[in-house]
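Make the full structure from the sequences, and use the hints.
Sequence order for the protein chains is A and B. Using this note's numbering, you'd call the opening residue of the first sequence number 1 and step up by one each time. Using this note's numbering, you'd call the opening residue of the second sequence number 1 and step up by one each time.
Hints in this document: simulated from the structure, not taken from any laboratory. Everything numeric in this text was worked out from a predicted model, so none of it was measured. Beta carbons are placed, not taken as given, at the ideal position from N, Cα and C, and that holds for glycine.
In silico negatives: residues of chain A with every beta carbon more than 12 angstroms from chain B: (1) Glu39; (2) Lys57; (3) Ile155; (4) Gly167; (5) Pro209; (6) Gly242; (7) Asn268; (8) Gly289; (9) Cys455.
Below, simulated DSS-like cross-link-like pairs (lysine-lysine); rule was C-alpha separation at most 27 angstroms, straight line: (10) Lys31/B with Lys222/A; (11) Lys222/A with Lys28/B; (12) Lys161/A with Lys28/B; (13) Lys217/A with Lys31/B; (14) Lys363/A with Lys31/B; (15) Lys168/A with Lys28/B; (16) Lys161/A with Lys31/B; (17) Lys222/A with Lys66/B; (18) Lys217/A with Lys28/B; (19) Lys66/B with Lys363/A; (20) Lys66/B with Lys217/A; (21) Lys28/B with Lys151/A.
In case you want the letters, here they are:
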Amino acid sequence: MAEQKTTAIKPLNKMNFYKKQQRLALRNCGVIDPESIDEYIAVDGYQALAKALTGLKPEDVIQIIKDSGLRGRGGGGFPTGLKWDFTARNSADQKYVVCNADEGDPGAFMDRSVLEGDPHCIVEAMALCGYATGATEGYIYVRAEYPVAVKRLEIAIAQAKEYGFLGKNIFESGFDFDLHIRLGAGAFVCGEETALMTSIEGNRGEPRPRPPYPAVKGLFGKPTTENNVETFANVPQIILKGAGFFAAMGTEKSKGTKVFALGGKINNTGLVEIPMGTTLREIIEEIGGGIPGGKKFKAAQTGGPSGGCIPVSLIDTPIDYDNLTAIGCMMGSGGLIVMDEDNCMVDIAKFFLDFTVDESCGKCSPCRIGTKRMQEMLEKIIEGKATMQDLEKLEELAHYIKENSLCGLGQTAPNPVLATMKFFKDEYIAHVVEKRCPSAQCKSLLRYVIDPEKCIGCTLCARVCPVDAITGEPKKLHVIDQEKCIKCGACMAACKRVQAISRI
Amino acid sequence: MLKKISKIPFNGTPEQEEQLRAVIEECKSDKSLLMHVMQRAQHIYGYLPFEVQAMIADGMDIPLEKVYGVSTFYAQFALSPKGKYNISVCLGTACYVKGSQEILDKICEKLGIGPDECTKDGIFSIEACRCIGACGLAPVMMINEDVYGNLKPDQIDQILAKYTD
Ligand SMILES: Cc1cc2nc3c(=O)[nH]c(=O)nc-3n(C[C@H](O)[C@H](O)[C@H](O)COP(=O)(O)O)c2cc1C
Ligand code: SF4
Ligand code: SF4
Ligand code: FES
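And the structure:
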């Protein structure tokens with residue numbers, strides 16, 4: 001591209017934010033009217049279903065999905081074609097297709113965008129899955145916080161029925177398929193596949209032990225295929241354009257694209273869809289436009305409370321399932337939180353653990369009790385009361401919880417702690433040995449001090465201090481009593497003109 | 001999750017009951033619709049008191065303990081009503097050391113209810129919350145969206161008087 005000297009507006013595909021992106025799962029979002037089936041049809045909607053029902057055998061559909069290399073976008077990365085094959089091989093009087101739209105990772109909204117922007121695509125994909133696996137009914141389990149998504153899905157299902165894309169004898173093929181919507185009620189664990197099915201059945205959403213796997217005994221005890229929204233969003237195009245089209249994108253073992261919700265300390269926040277194999281550096285520096293305020297990049301968290309962090313030393317890692325697993329992270333459903341030098345990694349680990357402690361369903365003790373104990377140990381570290389022995393215990397307990405919890409929530413809950421301990425051990429040690437938080441974030445370890453050179457004795461700080469920790473005569477030097485100070489920061493804010501107070 | 005069960009007498013109207021019965025009638029053939037019925041019941045009543053849970057259990061022919069089990073599992077189901085004005089008193093560190101517990105006690109005493117409860121007339125409910133980021137004004141409370149800072153117990157009467165109906 002020739003250097004442009006003018007300040008003309010660049011076309012969208014030339015802007016850095018879009019240049020590196022490739023829209024597959026999000027291709028129709030913001031492009032078509034999600035409440036119009038005709039607009040979906042105009043962009044080849046329901047063509048894949050027509051192609052499959054009139055010209056492909058169920059096993060052909062499965063083979064195409066297998067050949068495409070599509071893997072689950074809900075976090076685990078299990079090969080989708082294989083999953084469908086398992087269900088197809090089990091004969092039963094009734095089978096089900098389930099779409100996981102519970103999107104629980106805090107701050108992630110990829111699935112929501114697909115449901116709100118392209119609901120017909122999910123309807124079509126679920127019908128395709130039903131045809132391939134021999135299921136005649138499907139359920140979409142949607143997070144209760146997504147009312148717009150629910151409304152658009154309801155419209156899409158009604159329209160599809162009217163056009164004969166759902167219901168009896170679709171395309172005169174003899175294949176029947178019907179869809180239902182179920183709403184969640186605010187329990188993170190319900191994103192786990194067995195818990196989700198228990199919840200659809202109208203119960204407390206507690207996970208069940210596997211095996212038996214859902215392909216054998218899933219929803220209502222029948223063989224069930226469960227996939228994530230974004231996984232389904234890729235299916236119609238794969239069927240329509242062929243496996244090769246999809247397999248041409250990405251890395252050797254991770255094909256296609258992945259949508260991420262980019263957030264945290266980054267200039268361009270929002271959804272990005274990139275080919276697998278894009279490096280973290282490209283995401284942060286080119287698509288994300290770098291870190292605000294000229295701060296240094298420290299790490300990025302993928303996989304939310306189940307994932308781990310990628311430190312700056314690994315910023316050139318191509319993002320795909322296997323590379324992330326190899327460094328002790330996981331792809332997760334697509335949350336990507338960027339952290340800069342001001343973030344304390346121990347504090348971040350605790351933030352995610354607090355979340356899991358709140359969301360543990362309590363069914364099994366390694367997770368229910370173990371995560372609570374880990375939380376207490378992290379608190380000790382953050383308060384500067386821990387010993388090196390505690391660090392060892394923390395790590396030991398983390399491994400124990402991973403190995404002994406019943407479901408994925410407990411099995412992955414220690415990941416944020418383990419990953420930060422692996423890459424930022426020095427920060428943990430600073431808290432434990434030096435009783436110091438290198439990023440000046442942990443309240444108990446930091447101190448507010450007044451610079452005697454700068455203090456003009458205006459008394460502002462003393463007046464705002466909620467605990468009267470600051471003493472000093474007017475026009476004379478003020479001092480903070482560290483015993484009394486509760487580190488609320490009010491004094492520093494009050495002294496913003498003179499800037500005599502600093503946090504160390 | 002520990003949930004506080006409301007001690008306020010149930011005062012559902014016949015219209016509400018009629019609506020709920022219609023929902024149950026529509027769904028009772030499929031027991032897996034329990035959560036769906038509970039969601040709609042919460043929409044009708046604003047929360048899920050025992051009486052409503054019992055009606056659902058009866059109508060859907062599902063044991064009451066199961067309905068109760070589901071209601072306590074999911075964060076979205078409320079067992080206590082919220083008042084028209086919800087008072088949250090900050091018990092964060094800065095507020096606590098500046099005596100916000102005293103403020104909370106004073107409000108509870110004045111309204112005759114405890115935290116996570118609602119007055120009989122449905123006007124006020126009280127809850128304790130964590131730091132709301134206004135420590136410089138400690139002790140702090142919020143009534144719906146209004147923030148009150150630098151509180152003293154003897155100001156409570158005057159403030160509550162502003163919220164009458
Ligand atoms: C605690 C927990 C929460 C989960 N939350 C979600 C979620 O919100 N959305 C999702 O699609 N998968 C979630 N999963 C993964 C699902 O269990 C399941 O693996 C996935 O939906 C399968 O679909 P896929 O193969 O298409 O990825 C979660 C797993 C665990 C253990
Ligand atoms: S691991 Fe945690 S969330 Fe999963 S079953 Fe056990 S207690 Fe429940
Ligand atoms: S940080 Fe808060 S408590 Fe500490 S001296 Fe400043 S105003 Fe007082
Ligand atoms: S502690 Fe109450 S506002 Fe911060």
